[in-house]
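Asker: Below, each chain spelled out in residue letters.
There are 2 protein chains.
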Amino acid sequence: MYEEVLIKSQSVKKASGVLYNCTTAKKNSLLKAINLYLRSETPAILAANRIDLDCAEKTGLSKVMLDRLTLNEKRIQQMMQGVRDVVKLADPVGKVFNKVKPPNGLIVEKMRVPLGTVGIIYEARPNVTVDASVLCLKSGNAVLLRGGSEAIHTNKILVDVIKMALKDLKLPVGCVEFIETTDRAAVMEMLKQNRYLDVIIPRGSQQLISFIQENSVVPVIAHGEGNCHIYIDSSADLLKAEEIVFNAKTQRPSVCNAAEKLLVHEKIATRFLPRIAARLQLAGVEIRGDERTLSIIRNAKPVDESDWKKEYLDLIIAVKVVKNLNDAIEHINQYGSHHSDAIVTGSKANGEKFLREVDSAAVFVNASTRFTDGYEFGLGAEIGISTQKLHARGPMGLTELTSTKFIVHGKGQVRK
Amino acid sequence: MYEEVLIKSQSVKKASGVLYNCTTAKKNSLLKAINLYLRSETPAILAANRIDLDCAEKTGLSKVMLDRLTLNEKRIQQMMQGVRDVVKLADPVGKVFNKVKPPNGLIVEKMRVPLGTVGIIYEARPNVTVDASVLCLKSGNAVLLRGGSEAIHTNKILVDVIKMALKDLKLPVGCVEFIETTDRAAVMEMLKQNRYLDVIIPRGSQQLISFIQENSVVPVIAHGEGNCHIYIDSSADLLKAEEIVFNAKTQRPSVCNAAEKLLVHEKIATRFLPRIAARLQLAGVEIRGDERTLSIIRNAKPVDESDWKKEYLDLIIAVKVVKNLNDAIEHINQYGSHHSDAIVTGSKANGEKFLREVDSAAVFVNASTRFTDGYEFGLGAEIGISTQKLHARGPMGLTELTSTKFIVHGKGQVRK
Chain A
1 MYEEVLIKSQ
11 SVKKASGVLY
21 NCTTAKKNSL
31 LKAINLYLRS
41 ETPAILAANR
51 IDLDCAEKTG
61 LSKVMLDRLT
71 LNEKRIQQMM
81 QGVRDVVKLA
91 DPVGKVFNKV
101 KPPNGLIVEK
111 MRVPLGTVGI
121 IYEARPNVTV
131 DASVLCLKSG
141 NAVLLRGGSE
151 AIHTNKILVD
161 VIKMALKDLK
171 LPVGCVEFIE
181 TTDRAAVMEM
191 LKQNRYLDVI
201 IPRGSQQLIS
211 FIQENSVVPV
221 IAHGEGNCHI
231 YIDSSADLLK
241 AEEIVFNAKT
251 QRPSVCNAAE
261 KLLVHEKIAT
271 RFLPRIAARL
281 QLAGVEIRGD
291 ERTLSIIRNA
301 KPVDESDWKK
311 EYLDLIIAVK
321 VVKNLNDAIE
331 HINQYGSHHS
341 DAIVTGSKAN
351 GEKFLREVDS
361 AAVFVNASTR
371 FTDGYEFGLG
381 AEIGISTQKL
391 HARGPMGLTE
401 LTSTKFIVHG
411 KGQVRK
Chain B
1001 MYEEVLIKSQ
1011 SVKKASGVLY
1021 NCTTAKKNSL
1031 LKAINLYLRS
1041 ETPAILAANR
1051 IDLDCAEKTG
1061 LSKVMLDRLT
1071 LNEKRIQQMM
1081 QGVRDVVKLA
1091 DPVGKVFNKV
1101 KPPNGLIVEK
1111 MRVPLGTVGI
1121 IYEARPNVTV
1131 DASVLCLKSG
1141 NAVLLRGGSE
1151 AIHTNKILVD
1161 VIKMALKDLK
1171 LPVGCVEFIE
1181 TTDRAAVMEM
1191 LKQNRYLDVI
1201 IPRGSQQLIS
1211 FIQENSVVPV
1221 IAHGEGNCHI
1231 YIDSSADLLK
1241 AEEIVFNAKT
1251 QRPSVCNAAE
1261 KLLVHEKIAT
1271 RFLPRIAARL
1281 QLAGVEIRGD
1291 ERTLSIIRNA
1301 KPVDESDWKK
1311 EYLDLIIAVK
1321 VVKNLNDAIE
1331 HINQYGSHHS
1341 DAIVTGSKAN
1351 GEKFLREVDS
1361 AAVFVNASTR
1371 FTDGYEFGLG
1381 AEIGISTQKL
1391 HARGPMGLTE
1401 LTSTKFIVHG
1411 KGQVRK
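Protein sequence lines correspond, in order, to chains A and B. For the first sequence, counting from 1, position 285 maps to 285 in the working numbering; every step adds exactly one. If you count the second sequence from 1, you need to add 1000 to reach the working numbering.
I should point out that these hints are in silico values taken from the structure, not numbers from a laboratory. Beta carbons are placed, not taken as given, at the ideal position from N, Cα and C, and that holds for glycine. Each hint should be verified, as a subset may be incorrect.
Stated by the list, open to error - Beta-carbon label-pair distances, calculated as ranges:
hint, chain 1, residue 1, chain 2, residue 2, range
1, B, Ala1283, A, Lys167, 47 to 57 Å
2, A, Gln251, B, Gly1094, 27 to 37 Å
3, B, Asn1098, A, Arg75, 27 to 37 Å
What the hints assert, rightly or not - In the SDA-like style, the derived pairs of lysine to any residue whose C-alpha atoms are separated by at most 20 Å in a straight line are:
hint, chain 1, residue 1, chain 2, residue 2
4, A, Lys101, B, Gly1374
5, A, Lys348, B, Glu1109
6, B, Lys1411, A, Gly378
7, A, Lys99, B, Gly1378
8, B, Lys1411, A, Glu242
9, B, Lys1240, A, His409
10, A, Lys411, B, Phe1246
11, A, Lys99, B, Ala1381
12, A, Lys416, B, Thr1250
13, B, Lys1110, A, Gly374
14, A, Lys110, B, Asp1373
15, A, Lys353, B, Gly1017
16, B, Lys1088, A, Pro103
17, A, Lys101, B, Glu1382
18, B, Lys1416, A, Gly378
19, B, Lys1353, A, Phe97
20, B, Lys1110, A, Arg356
21, B, Lys1014, A, Glu357
22, A, Lys88, B, Pro1103
23, A, Lys348, B, Lys1110
24, A, Lys14, B, Asp1327
25, B, Lys1095, A, Arg356
26, B, Lys1095, A, Ala349
27, B, Lys1110, A, Tyr375
28, B, Lys1411, A, Asp373
29, A, Lys110, B, Glu1382
30, B, Lys1170, B, Tyr1020
31, A, Lys353, B, Val1018
32, B, Lys1416, A, Glu242
33, A, Lys348, B, Val1096
34, B, Lys1416, A, Gln251
35, B, Lys1110, A, Gly380
36, A, Lys14, B, Asn1326
37, A, Lys192, B, Ile1209
So here's chain A without its partners, still in its complex pose (with noise of 0.2 Å):
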């Protein structure tokens, strides 16, 4: 039943050895294909769409998951610019770094070579099918990809189009393979092909991103919460603060980057926390607050502990008031999820042992956590965010979706 699974892993398998040694200039003139036929087949590619919208609205989906679903003629230009955005970036592929010359003689260095085969694991959005194969086609991967079942059709066209162009670059089509099977036990098949994918990057809901790290016998480079902490120390800037928490709270609170906690330093809470609490209140922000913010603020509601560990991807902050610095890193290390954490100060020292301290993937001084993105980083791109620490950690781009092999020059050298 579930044969499809194993024959298009073994044939992403195959199709990567030649994409292994693939030039930047062929690999950018199959991005600039895909485009050229993004471009002539959106009339069809809409009508597919329209397809997967007809069928959703007949079983109810919700409106954010309509929105989600849509493709449209701005989307699908969108969707082009993006590909142009990736043909422009460096190839990370070939380079050679870290050479080293131990005293046996030999010149040993790193290479940086593709993975090999990168299975991508999502949910609605169909601009992944797109997204996603770009960055692995141009970091040298061939790529198995297993959409949501909401938007089959749409997605079924788009790899077609990519298809068509890697024919025309005379590159295998086996190179990008979609998965058309749409149960959930197709997606447990591909778990096991350890044998064929070398890692697999879920997108999705936490719900889909914890069961594929619990059954995947692939390497998984997954995307855990995001329960992101502002610290507002004693020698803040306040308007910088309240602008900075006002942005990581308000401004996409549906987002793993978005604040979820608040603390701050108790020299300054009197004077801080009633502007900002007004100023969140304002825009619908509910504030649950430990026992000294209560005595401090109105129409707050008191904190749970389990509140600490939340991520509530709404318009609800957490704030507590702490007596310092190390209080501060101490309860972040402690609740927090190690995603994205910000402090603002104006001690130079105090921000640099907030970066040293704070075990996360990314460590803000003075700025909103909601710039932890591959684009906003300079990556140029994102395949995901890792809040792992193995292989990769925070936003990845192209670099991350590589590996290196050691390379080394000799003479003639013997063991001894």
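Knowing the structure of chain A, use the given hints to seat chain B on it.
Answerer: Here is chain B on its own, set in the frame of chain A:
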């Protein structure tokens, strides 16, 4: 029953927070203190080792295993030299690199940080207890050890020695914990501790490593088989080629970086093969050849298709005559284990092509595959060799025991 595993996993996790911010000076003082106790406790260590050896002799452990288990004055001296070598190594933790200034005005950099907690699962050699602990501690990681039952008394006293040093330095003794339960179910329990362990590094037989890879929820960095190739190009200096093949096959045939396969360009096969075959056979090496090889040399057995994928770890080599460099690369990528492969050539272009196109952890031009090793590659020390593509590939030193985080300096920036 396996509460020990849970409690000790929690203990290393807790201790790792202290090690995360430990200065290089303090970590070096710790290593020096370990060495002082290794010296002062040598009689007690040897007495404990005597108990293990007595048990092992009674249960009829093989000579090779007994040798691996044995400590003596000289081996403890070597252990101490190993610790001194690690003291001298540069501390990777805290290093800041990859500075980027994206258009948003932020300064984005990466900082190297400890992984956190490392699980080491190993077999008879008690020196791993000290070697692995010291590498983990120097890179700021707490470590949970699980050694073989044969070495239990030796391992326990070595861990006591490390804990004495931790106490002296006022560091948590939980920085190094040792699982005393010796059955395999305790290993199974350790593989579930993904809440507390960041990575598991198995050291030992392929059987042990496969078991761990298949069953671990904790990410594993594993060392697979070494089916290593040497390809002799038509332009090779045949004297050098002979030395390299002889060294890679015979110098230590039981290890992963020993050569198992010899590929020879057809143009030089009749000149090269009789010479190397005679020398190898004189050293007791069994030669298994393809048809063309058998037509050139005597006393060779015919090779079986299954031979091409085998890691012999013995005085056996399989030989194939190939048409050209492309055939050699294709054969290696198809049948090899992606560990270590070498070309002997007089052509710079062919050497570079081989380095680029062979997809292995270490690729060599004009040198023996036996050099795949942390010390020989200038890493200073080695916690193991990875044949994976994620996180670390090839010999792993201190840097491979670290992760990174993004550190971001702003001036009050918020996301638009």
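Asker: Which of the listed hints are broken here?
Answerer: Violated: none.
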